[in-house]
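Asks: Listed here are the chains, written in short residue letters.
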Amino acid sequence: MQEIINRAKELLADGTVARVLGWKAGDLPYNPEPAYFENAEALSDFVYNGFCGANLSKYMIEASKLEGKTLVFLKPCDTYSFNQLIKEHRVDREKAYIIGVGCKGKLDIEKIKKAGIKGIESIEGAEISDAAETLKIQTIYGEKEMAYADAMLERCHVCKGKEHQVYDELIGESKETKDAELFAEVERIEAMSPEEKFAFFQNELSKCIRCNACRNACPACNCRKCVFDSTKFDSAQKANVDTFEEKMFHIIRAFHVAGRCTDCGECSRVCPQGIPLHLFNRKFIKDIDELYGEYQAGEDTESKAPLTNFTFDDAEPSIVGKRG
Amino acid sequence: MFKIAKENLSALFQLIAEKQELYLPVKAAGQTNFAAWDKDAQVDLDTLKTVKSAKDAFFPQSENLYNVTKKEKKMHIEPGALKEQDFVVFGMRACDVKGVEVLDRVFLADPIDSFYAARREHGTIVAMACHEPEETCFCKVFGIDAAQPASDVAAWMIGEDLYWKALTEKGEALTEAVKELLTDADEAPVEEEKEAVHAIVEKLPYMNLSLEGWNGDALKEKFDSPVWEELYKPCLACGTCTFVCPTCQCYDIKDYTAGESVFRYRCWDSCMYSDFTMMAHGNNRNSQMQRFRQRFMHKLVYYPANNDGMYSCVGCGRCVEKCPSALNIVKVVKAFQDQGGEK
Chain C
1 MQEIINRAKE
11 LLADGTVARV
21 LGWKAGDLPY
31 NPEPAYFENA
41 EALSDFVYNG
51 FCGANLSKYM
61 IEASKLEGKT
71 LVFLKPCDTY
81 SFNQLIKEHR
91 VDREKAYIIG
101 VGCKGKLDIE
111 KIKKAGIKGI
121 ESIEGAEISD
131 AAETLKIQTI
141 YGEKEMAYAD
151 AMLERCHVCK
161 GKEHQVYDEL
171 IGESKETKDA
181 ELFAEVERIE
191 AMSPEEKFAF
201 FQNELSKCIR
211 CNACRNACPA
221 CNCRKCVFDS
231 TKFDSAQKAN
241 VDTFEEKMFH
251 IIRAFHVAGR
261 CTDCGECSRV
271 CPQGIPLHLF
281 NRKFIKDIDE
291 LYGEYQAGED
301 TESKAPLTNF
311 TFDDAEPSIV
321 GKRG
Chain F
1 MFKIAKENLS
11 ALFQLIAEKQ
21 ELYLPVKAAG
31 QTNFAAWDKD
41 AQVDLDTLKT
51 VKSAKDAFFP
61 QSENLYNVTK
71 KEKKMHIEPG
81 ALKEQDFVVF
91 GMRACDVKGV
101 EVLDRVFLAD
111 PIDSFYAARR
121 EHGTIVAMAC
131 HEPEETCFCK
141 VFGIDAAQPA
151 SDVAAWMIGE
161 DLYWKALTEK
171 GEALTEAVKE
181 LLTDADEAPV
191 EEEKEAVHAI
201 VEKLPYMNLS
211 LEGWNGDALK
221 EKFDSPVWEE
231 LYKPCLACGT
241 CTFVCPTCQC
251 YDIKDYTAGE
261 SVFRYRCWDS
271 CMYSDFTMMA
281 HGNNRNSQMQ
291 RFRQRFMHKL
301 VYYPANNDGM
311 YSCVGCGRCV
321 EKCPSALNIV
331 KVVKAFQDQG
341 GEK
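Protein chains in written order, with this note's numbering: chain C, 1 to 324; chain F, 1 to 343.
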């Protein structure tokens, strides 16, 4: 971590960047927050550890409008989002100085708490430099342990790899954390009967509290004004009614980000109700792969996306229809 | 003081539910929230904090105020029904009970909100003392005793028994109604439990949070502070903090047009949203900094200014747990402490 801080100080001192966008230590062992640092002194609060799951790419939309360059730290998976934002002309590459930081998988405090660990005082093993496979968690109710892998975010179990897709320089090593099949969960749902599928999603989506955390954290949800925030839109979009969450909001959002979603997993990470929202997006990714050939949004900034490009070999709608 | 064995709780719930509606923490799709009891409900009294508070029981996230329908050439206006049936909310915590007091001061002050008042009149709260408070809890900062909820009935889960003590007339009435399942109990185990919980509370990391300087008199100083410009930046402008909060009480009123009828409903609103309190002239808070500032100024300055110094935060810590950007009211209070309101 010190290497990252030192490099940030150098880039601030020599005027390469006007500010640093990273993570600031929280007041609990697991709650660092995205933050801007404008001088060397402020960087004393900088932190980069297993709890820095927040994808900073989306913050770069606003940072692109500021004077001068912003130094931003991106994990390998975050860089896909950044590339996609370049492709959509929502961030300015020239306004970003990207340091790709190493990642050994990010932690999910919800998983730690779901394991019955509470009253957390300190957590050992979450440091990025730490090779520990186990988290040692000191709590008011005694010392607990949890395997690092068991506490990882879902997205890390299907990690896209250690390679950063866009960067100016790299600091730190990454670790392979993939230990599950990307489409295993989607296939499990595909195998369900329509009634089972409906029941599954109804059960999950009825927990939705319409907080919009998924939308606001999503780098692909970058419309200047969301249709669901429109005062002229005559639906009950602000009300917490089952029909809306279960049948409209999340489905519409998934359609809107189809072909642009990099599967960064922020939607599921931030959902206060633990709804596996990534499943919608991943189903689209699977379908796109099957119908138009393998495609990973955010792998580059130039290629034409399958859903915004026409070729004579495109899947016919009737075929799509038949396949459901 | 009475008690009931843990294994008899489902009989207790069934008995209550025979005569009234019963809301309690139920686990569904992996998360625990307050929901109506039925025989198949997976009751979860072990989870300390439900994701949403029990606020919905008195102030639901969405409710119809009235419906307008057209029949032939006449318009019919049908007001939304007020709660008429008694109900019980079981398993709230001391912080959430205090949260209801915060809501009372808003909705039961003139002009009285009839929908809310009807629910308060018909609702009986059975609150459970906290057994193992968590690091995100800071109710003591607001003078709340996690081991002694100020509800209609206070309950303590100790070992294999639930101890039960009526504290109000409503509580006495409910106790009478379920008396066949209760047995007399000694207070000693409860006193012991309270002491143990108090000892844990003292060890919690936020226990020494100081609210010095947060009051109605500090309005201008806090409002004009440059600290907000730094604090709000990670905020994604979602409404998670406001929707999991037991005291946030802002709502929007909207019309839903369905062909020849109109449903006028109200639903929770969030000061984090860009259309919050939007009026014909536009929006009176046009930056996220202003919207972010509004939430904390309301909790710690405006509300106490209008309510004899009472804060509209109860230290439940749900925002601490749920904010996607790890922001929360504790960090706000600390930021002002660190910088003395000046930068």
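Hint data in this document are derived by calculation from the structure and do not stem from the laboratory.
Quick caveat: nothing in here was measured; it's all calculated off a predicted structure.
Check before you lean on any hint, since a few could be wrong.
[To be verified] The calculated DSSO-like cross-link candidates involving lysine-lysine, where the alpha carbons are at most 30 Å apart (straight line), are:
| hint | chain 1 | residue 1 | chain 2 | residue 2 |
| --- | --- | --- | --- | --- |
| 1 | C | K207 | F | K27 |
| 2 | C | K207 | F | K220 |
| 3 | F | K334 | C | K113 |
| 4 | C | K113 | C | K144 |
| 5 | F | K220 | F | K334 |
| 6 | C | K114 | F | K39 |
| 7 | C | K162 | C | K9 |
| 8 | C | K283 | C | K111 |
| 9 | F | K220 | C | K24 |
| 10 | C | K232 | F | K233 |
| 11 | C | K178 | C | K304 |
| 12 | C | K9 | C | K111 |
| 13 | C | K207 | F | K203 |
| 14 | C | K24 | C | K197 |
| 15 | F | K83 | C | K136 |
| 16 | C | K286 | C | K111 |
| 17 | C | K283 | F | K27 |
| 18 | F | K27 | C | K114 |
| 19 | F | K233 | C | K225 |
| 20 | C | K118 | F | K83 |
| 21 | C | K144 | F | K194 |
| 22 | C | K232 | F | K334 |
| 23 | C | K9 | F | K233 |
| 24 | C | K136 | C | K197 |
| 25 | C | K144 | C | K114 |
| 26 | F | K233 | F | K19 |
| 27 | C | K304 | C | K283 |
| 28 | F | K194 | C | K114 |
| 29 | F | K39 | F | K83 |
| 30 | F | K83 | C | K113 |
| 31 | C | K207 | F | K39 |
| 32 | C | K111 | F | K165 |
Asks: Does each hint fit the structure? Answer for all of them.
Replies: Hints and how they fare:
Distance restraint check for C/K207 and F/K27: the Cα-Cα separation of roughly 11 Å lies within the 30 Å cut-off, and the hinted pair is therefore satisfied. Between C/K207 and F/K220 the alpha-carbon distance is near 40 Å, which puts this suggested pair outside the 30 Å criterion. The straight-line distance between the Cα atoms of F/K334 and C/K113 is roughly 25 Å, inside the 30 Å bound, and the hint therefore holds. Restraint check: the Cα-Cα separation between C/K113 and C/K144 comes to about 11 Å, which is no more than 30 Å; the hinted pair holds.
For the hint linking F/K220 to F/K334, the alpha-carbon distance of about 19 Å falls within 30 Å, and the restraint holds. Taking the CA atoms of C/K114 and F/K39, the gap is about 25 Å. The hint holds against a cut of 30 Å. Note on C/K162 and C/K9: the hinted pairing holds, with a Cα-Cα distance of about 26 Å set against a maximum of 30 Å. At most 30 Å may separate the alpha-carbon atoms for a hinted pair to count; C/K283 and C/K111 meet this at roughly 24 Å.
The straight-line distance between the Cα atoms of F/K220 and C/K24 is roughly 28 Å, inside the 30 Å bound, and the hint therefore holds. Simply put, C/K232 and F/K233 have alpha-carbon atoms about 29 Å apart, close enough for the 30 Å limit, and the pair holds. Proposed proximity of C/K178 and C/K304 is supported: the alpha carbons are some 28 Å apart, at most 30 Å. For the hint linking C/K9 to C/K111, the alpha-carbon distance of about 35 Å lies beyond 30 Å, and the restraint is violated.
Distance hint between C/K207 and F/K203 is unfulfilled; the C-alpha atoms sit about 33 Å from each other, more than 30 Å. Under the criterion of a C-alpha separation no larger than 30 Å, the hint pairing C/K24 with C/K197 is inconsistent with the structure, at around 41 Å. For the suggested pair F/K83 and C/K136, the alpha carbons sit about 50 Å apart, so the restraint of at most 30 Å is broken. Taking the CA atoms of C/K286 and C/K111, the gap is near 26 Å; set against the 30 Å cutoff, the hint holds.
Our distance criterion of 30 Å between C-alpha atoms is met by C/K283 and F/K27, whose separation comes to about 27 Å. For the suggested pair F/K27 and C/K114, the alpha carbons sit about 13 Å apart, so the restraint of at most 30 Å is met. Our distance criterion of 30 Å between C-alpha atoms is met by F/K233 and C/K225, whose separation comes to about 19 Å. Distance hint between C/K118 and F/K83 is unfulfilled; the C-alpha atoms sit about 38 Å from each other, more than 30 Å.
Proximity of C/K144 to F/K194 is assessed by CA-CA distance (about 25 Å); at most 30 Å being required, the pair is judged to hold. In summary, the hint linking C/K232 to F/K334 is not supported, as the alpha carbons are separated by about 40 Å, beyond the 30 Å threshold. For the hint linking C/K9 to F/K233, the alpha-carbon distance of about 21 Å falls within 30 Å, and the restraint holds. For the given pair, C/K136 sits about 39 Å from C/K197 by alpha-carbon distance, which is inconsistent with the 30 Å threshold.
Using a Cα cut-off of 30 Å, the hinted pair C/K144 and C/K114 holds, with the two alpha carbons roughly 13 Å apart. Our distance criterion of 30 Å between C-alpha atoms is broken by F/K233 and F/K19, whose separation comes to about 51 Å. Proposed proximity of C/K304 and C/K283 is supported: the alpha carbons are some 20 Å apart, at most 30 Å. For the hint pairing F/K194 with C/K114, the CA-to-CA distance comes to about 26 Å; that is within 30 Å, so the pair holds.
Simply put, F/K39 and F/K83 have alpha-carbon atoms about 23 Å apart, close enough for the 30 Å limit, and the pair holds. Our distance criterion of 30 Å between C-alpha atoms is broken by F/K83 and C/K113, whose separation comes to about 37 Å. The straight-line distance between the Cα atoms of C/K207 and F/K39 is roughly 20 Å, inside the 30 Å bound, and the hint therefore holds. Distance check on the hinted pair: C/K111 and F/K165 sit about 35 Å apart at the alpha-carbon level, beyond 30 Å; violated.
Hint compliance for this structure: hints 2, 12, 13, 14, 15, 20, 22, 24, 26, 30 and 32 are broken, all remaining hints hold.
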